[in-house]
Amino acid sequence: MVSLRAWCDLPSEILREIANGLGLVDLLGFRGVCKDWRSASFTASALIESACDKPCFLLHSDRDEKTILFNPSTNKNYTINIPELKESTCLASAQGWLLVSQKGHIFFFCPFSRAKIDLPPLLQESVISPGAAVFTSPPWSVDCVTAIIYEKDNHIMELNVLERGGSSSWMKYEYDCKMEQKNFSVVKGATSHDGCFYFMGDKNKLLTFTLKDKRFELYTIVYESKNPNVECLPFRFKEKCFSRNDLKKQMNLGDDVAISTCGTSYSGSDSEILIKNENIEAMEGTEAQHFKGVWIQPRFFQLPPNYSWSL
Amino acid sequence: MASTTETKQKKMLILKSADNDEFEIEESVGVQSETIKNLVEDGFTFVPLPNVYTKALIKIIDYLKKHANKTDSNDEEIKTFDKDFVNTTFDDLFELVSAANYLHISCLMNMLCQTIADRIKDKSPEAVRKIFHINCDYTPEEEAKIRKANAQAFEGQFDESLD
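Protein sequences appear in the order of chains R and U.
Every letter in the first sequence is one number past the one before it in the UniProt record's numbering, and letter 180, counting from 1, is 180.
Every letter in the second sequence is one number past the one before it in the UniProt record's numbering, and letter 21, counting from 1, is 21.
Careful: at least some of the hints might be erroneous.
Below are the SDA-like pairs computed for lysine to any residue, each with C-alpha atoms no more than 20 Å apart in a straight line [to be verified]:
id, chain 1, residue 1, chain 2, residue 2
1, U, 130, R, 9
2, R, 54, R, 203
3, U, 59, U, 77
4, U, 145, U, 110
5, U, 130, R, 38
6, R, 203, R, 168
7, R, 86, U, 16
8, U, 65, U, 27
9, U, 145, U, 129
10, U, 83, U, 110
11, R, 116, R, 306
12, R, 103, R, 170
13, U, 148, R, 54
14, U, 121, R, 16
15, R, 35, U, 132
16, R, 35, U, 126
17, R, 35, U, 43
18, U, 148, R, 306
19, U, 130, R, 170
20, R, 103, R, 121
Since the hints were made in silico from the structure, they are not lab data.
Keep in mind that this is a model prediction, so the values were computed, not measured.
If we strip away everything but chain R, and leave its shape as in the complex, we get (with noise of 0.2 Å):
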């Protein structure tokens, strides 16, 4: 004898199972089946993706709310109509989520959900980019500190600390280069480690700032050395992620295309890897079109109905 039971009548525990075990892709489409499939993939996060450890990319421009998700893993190319990030500016991404500058706004963003956190305003008007940013965990967590540096005025850096604890506003700090006889300027990645922002300059520089005693320090990477008292990055650091790829063939995309990139840290197999920023040209001679994208992790994180970033 074979049931007539129908698959919509499966138990919302099952479903929220079936959910967890799915993809970002596949869970967009899975919330897209019925009512009762959204509401049970409530939790699901695409943890699975967590699990392979090469972010997509992200490409967006400022022209249109349309983006292309490129996973590496599978070669695959999606569009996503993400309107957040029309205009805007990624500054850091980590763990899934973005932190986005728009129009002076700040915000933590999850691009496929589409949760969205807003922080406290910058007090300058400047514009902070180029520049970069990073956050210490998830900005659902307690602990979040959010870290954005930029080059102020020639050779002063200025770097924007809020700690989702602490202050309600931002905490600045400044490293004069020019006071301490030494040449720091354009930012192309930071991570953090252990209560450390580490953000990676030109010509091999390392500026740290360490939270507890809010101290700069300024570094020279080597890559070998006799010398015992050289110390080891707590972390591993890639350069030129997209052109080494040849990520503008494997999305389709034209050689008059430009595009300004903004790294990620994640966990690979056996330490924390920071993808740097990247700026890819377009071929001389054509006029080129600008775009901008990010590196993330496909995650898909949506925030309880009573979230509020003030604890």
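Let chain R serve as the given structure and place chain U on it in line with the hints.
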């Protein structure tokens, strides 16, 4: 002392399916199901399962027997068994997952749910609705909105097949 009695005379249980078929199994095999375990602890040896049909119950008893004899050396054998076990139609998977959920066999539940998740990979919501016989209860406006926010595969990348 207890172990000697067990080897001499194994405690048995009778399971009765929704279509009134009865199956005798060893208690040690049956208690991998939380639902059966709770009944056994309350002294039951006859277990009616009004939510589990015979076809699914036969397969699940097979699964429980195989997994009750898990040792360090038959790991590969069990993996092969599991792989064959889930290699079946969507309708069978549906019966099995409902039964595993009712019987509270968590390892089987996890395996079946991940199998279903893997099988709906790359399928469009329309194909998924057909497979699972689900009526879409979104209004056309809602659906258009969802479609926009969804990841649209570049043309031809969705799998529209129903198996």
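Consistency of the hints with the structure:
Only pairs whose Cα atoms come within 20 Å are accepted, and residue 130 of chain U paired with residue 9 of chain R is accepted, the gap being roughly 15 Å. For the hint pairing residue 54 of chain R with residue 203 of chain R, the CA-to-CA distance comes to about 27 Å; that exceeds 20 Å, so the pair is violated. The straight-line distance between the Cα atoms of residue 59 of chain U and residue 77 of chain U is roughly 17 Å, inside the 20 Å bound, and the hint therefore holds. For the given pair, residue 145 of chain U sits about 32 Å from residue 110 of chain U by alpha-carbon distance, which is inconsistent with the 20 Å threshold.
Taking the CA atoms of residue 130 of chain U and residue 38 of chain R, the gap is about 17 Å. The hint holds against a cut of 20 Å. A distance of roughly 36 Å separates the Cα atoms of residue 203 of chain R and residue 168 of chain R; the hinted pair therefore is violated under the 20 Å criterion. Note on residue 86 of chain R and residue 16 of chain U: the hinted pairing is violated, with a Cα-Cα distance of about 61 Å set against a maximum of 20 Å. Restraint check: the Cα-Cα separation between residue 65 of chain U and residue 27 of chain U comes to about 11 Å, which is no more than 20 Å; the hinted pair holds.
Using a Cα cut-off of 20 Å, the hinted pair residue 145 of chain U and residue 129 of chain U holds, with the two alpha carbons roughly 18 Å apart. Using a Cα cut-off of 20 Å, the hinted pair residue 83 of chain U and residue 110 of chain U holds, with the two alpha carbons roughly 13 Å apart. For a cut-off of 20 Å, the pair hint linking residue 116 of chain R to residue 306 of chain R stands: about 13 Å separates their Cα positions. Of the supplied pair hints, the one linking residue 103 of chain R and residue 170 of chain R holds, its CA atoms being roughly 17 Å apart against a limit of 20 Å.
Between the alpha carbons of residue 148 of chain U and residue 54 of chain R the distance comes to roughly 26 Å, so the proposed pair goes past 20 Å and is violated. Restraint check for residue 121 of chain U and residue 16 of chain R: the C-alpha separation of about 16 Å stays at or below 20 Å, so the hint holds. As the CA atoms of residue 35 of chain R and residue 132 of chain U are separated by approximately 14 Å, the hinted pair is consistent with the 20 Å bound. With a C-alpha separation of about 14 Å, the suggested pairing of residue 35 of chain R with residue 126 of chain U holds against the 20 Å cut-off.
A threshold of 20 Å between alpha carbons decides the hint, and for residue 35 of chain R with residue 43 of chain U the separation of about 42 Å lies outside it, so the pair is violated. Note on residue 148 of chain U and residue 306 of chain R: the hinted pairing is violated, with a Cα-Cα distance of about 27 Å set against a maximum of 20 Å. Straight-line distance between C-alpha atoms of residue 130 of chain U and residue 170 of chain R comes to about 52 Å, which puts the hinted pair past the 20 Å bound. A C-alpha spacing of about 10 Å is found between residue 103 of chain R and residue 121 of chain R, which places the hinted pair at or below 20 Å, so the restraint holds.
When the structure is compared with the earlier hints, violations turn up for hints 2, 4, 6, 7, 13, 17, 18, 19 and for no others.
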